[in-house]
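Q: The residues making up each chain are set out below.
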Amino acid sequence: MAPKADIQLTTDVLVLGGGPAGAWAAWRAASKGARVVLADKGFLGSSGATAPGGTTLLVIPPVVELREDAVQSRLKAGGYLSENAWIHRVLDEVETYLEKVGEWGYPFPKDHNGNPLRTHLHGPEYMKLMRRAVRQAGVRLLDQSPALELLRDANGVGGARGVNRLTGQEWEVRSNAVVLATGGCAFLSNGLGCNVLTGEGLLMAAETGAELSGMEFSRQYAPSSAFGSVTRGRMLAWSTLYDQEGRVIGRGDRAFGSLQQHLLNGPVYASINLADTEEKRRFLRHAHPIFFMPLERAGIDPFRDKFPLTLRYEGTMRGTGGLRLTGNDCRTSVPGLYAAGDAASREKVTGAISGGGAYNASWAICSGNWAGEGAAEYALSQAGDTGKRNLMPAGRYGLVQHSDAGRLMDVPQIISAVQSEVFPLSINFFRSEPVIRASLDRLHGLVPFLHDSVSDDHRHRVRAREAAGMVATARWMYSAALARKESRGLHALAEYPRLDPRQTHRILVSGVDRIHIRAEKVPHSSELTPEEGMVL
Amino acid sequence: MIELVSRERCIGCSICVKVCPTNVFDMEDGQLVIARQEDCQTCFMCEAYCPVDALYVAPYADRSVEVSEQALLHQGWLGSWRAEMGWTPGSETTMAARDTTPFFEQFTKTHRPKES
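These protein sequence lines are chains A and B, in that order.
1 is the number of the first residue of the first sequence in the working numbering; add one for each residue after it.
1 is the number of the first residue of the second sequence in the working numbering; add one for each residue after it.
A few of these clues could be false.
[As the list claims (entries may be wrong)] Derived list of chain A stretches under chain B, where covered just means 3 residues or more per stretch with a C-beta under 8 Å from a C-beta of chain B: (1) 44–51; (2) 228–235; (3) 264–271; (4) 294–304.
Because the hints were derived from the structure by calculation, they are not lab data.
C-beta: ideal position from N, C-alpha, C; glycine also.
The task is simple: from the sequences and hints, build the whole structure.
A: Right, dumping it as structure tokens:
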């Protein structure tokens with residue numbers, strides 16, 4: 001039995017993660033009459049990929065043709081792995097939730113007929129409102145309280161344990177349902193707001209037996225200034241790109257398609273000089289203030305000067321992989337465990353291509369609501385007292401209580417070892433079988449170090465779990481990548497440059513010590529003709 | 001990353017300690033300190049939430065730079081992000097209300113210079 005925690009709570013639903021998906025899940029569960037606790041590593045309002053910047057939403061007017069077009073084009077672009085019904089669900093519901101955000105006080109701009117345009121949210125304002133809404137719904141917030149491991153018994157998941165980073169106090173929340181909304185894993189690549197996304201949520205779920213799906217679709221890098229944190233690829237639509245000698249190598253290429261190749265050859269510079277009037281510059285400046293402010297602070301006029309670019313790796317956050325969902329209520333393969341936002345696989349709505357921006361933001365809102373409602377219903381339908389369940393901590397990797405080694409875990413060393421496998425374009429973007437296999441072997445070699453002892457310092461304990469989460473996530477990514485012997489959506493292998501219609505399936509991974517891999521049929525795959533997909 | 005806590009301005013309210021997503025700040029004897037600068041993710045949220053504009057986050061995500069409070073004051077950077085967001089008391093409008101993003105695609109289609 002684990003030692004008694006300093007803070008011991010019993011509730012119906014525990015939500016882990018305080019980004020949009022977690023906030024919506026908590027709000028919805030509470031609205032359904034459940035008692036809810038939300039624990040975030042940082043602070044609901046500032047934490048996560050959405051809060052510091054902003055997010056574009058997928059909203060399509062309720063016109064049959066428009067919706068059907070969007071769904072069909074996504075099906076094709078996403079490598080035939082999305083499911084039309086799920087995209088329709090998102091489109092049908094997201095608007096209702098956005099209306100709520102408007103009612104809560106978000107100042108949506110209006111079109112010339114005075115109708116609110118609910119297609120973009122500035123992060124700080126949005127998440128401040130979400131915090132207020134969640135509190136008013138009666139949710140108990142545990143800020144600065146990273147979860148370290150889930151609790152479980154024979155009936156499934158029943159809560160979590162963690163620490164408060166400010167006080168060092170241990171907390172334990174027992175609940176009949178847990179919503180995991182801890183985001184994707186961005187491997188501490190310093191993208192705006194993304195350093196809280198370190199994969200330990202996925203690890204915690206996998207330690208209880210949960211499966212993951214789509215981890216091979218993790219080849220997304222986002223352009224930012226070489227020195228800065230802000231990633232806004234959209235600005236490249238207005239940029240000219242230059243090489244070191246000042247030669248123009250691209251103009252207005254928002255897809256930044258060849259940026260990866262250019263960066264292998266040497267430094268690349270951008271200037272947003274396609275905005276050639278004051279009016280255009282003012283427009284762009286107001287669209288993404290977070291993009292411009294840091295450049296201005298660095299003394300750069302981005303509309304006239306050239307500034308160096310880099311690509312920051314976005315891991316599974318802008319990939320599409322995560323916990324496999326097994327029902328419309330966003331349940332996972334483990335009873336009592338639900339997943340929302342980037343912690344869940346987004347393949348059902350995005351397929352094999354990036355869910356970044358529009359799709360992910362609307363997904364976070366909808367999946368949060370579905371998971372919150374599903375978790376509330378499940379928790380409230382369970383007979384008996386959560387407090388009487390024989391719940392045990394399920395964590396195994398990078399945790400002090402399971403360590404029998406004398407060696408202290410060298411956390412910074414492990415983190416930098418993982419980063420050196422997943423950051424380089426030469427390994428992870430330009431994927432090839434021998435290179436990925438060798439990298440995966442090196443990553444497997446890190447697993448024994450996750451059993452080294454962890455000091456009592458609570459910050460070290462959190463970091464150790466994050467390191468374990470990153471090791472696990474990287475291994476799932478590359479294991480799945482080797483299992484998909486084709487190129488589809490965000491995944492590519494040099495040896496198999498084409499899409500193979502026979503591989504129109506999902507790749508599921510599970511387990512930590514040993515990684516199990518299996519394929520799952522996509523519901524509509526039998527409807528696809530062999531030609532479909534070949535046109536990509 | 002975070003480079004400055006203005007001793008003159010900081011009132012020790014510890015809001016930034018609570019708000020920082022990556023736990024960069026500590027309170028030591030009632031004084032705010034940047035305890036783990038290397039963990040700063042350059043997200044500017046502490047600046048946005050600081051009620052007295054006592055913090056400065058430099059735009060460099062991967063390295064620390066020297067800053068001078070006098071120079072920052074002179075250049076108007078202290079509190080500039082909170083002001084731009086419209087979170088400074090007395091602000092007449094917010095960044096969200098001025099947002100032009102919903103028009104971005106159409107604007108780009110209409111106004112971007114055509115390929116030469």
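Q: Count residues of the region 264–271 of chain A with a Cβ under 8 Å from any Cβ of chain B, then say if the count reaches three.
A: Answer violated; 0 residues pass the 8 Å Cβ test.
Q: Within the assertion that chain B covers the region 294–304 of chain A, do at least three residues meet a Cβ-to-Cβ distance smaller than 8 Å?
A: Result for this restraint: holds, n = 4.
Q: Under a C-beta cut-off of less than 8 Å, do 3 or more residues of the region 44–51 of chain A approach chain B closely enough to confirm the stated coverage?
A: Coverage by chain B holds here, the residue count being 5 at a Cβ distance below 8 Å.
Q: Against chain B, does the region 228–235 of chain A show at least 3 residues with beta-carbon separation below 8 Å?
A: holds (count 3)
When each numbered hint is compared with the structure, a violation occurs for hint 3 only.
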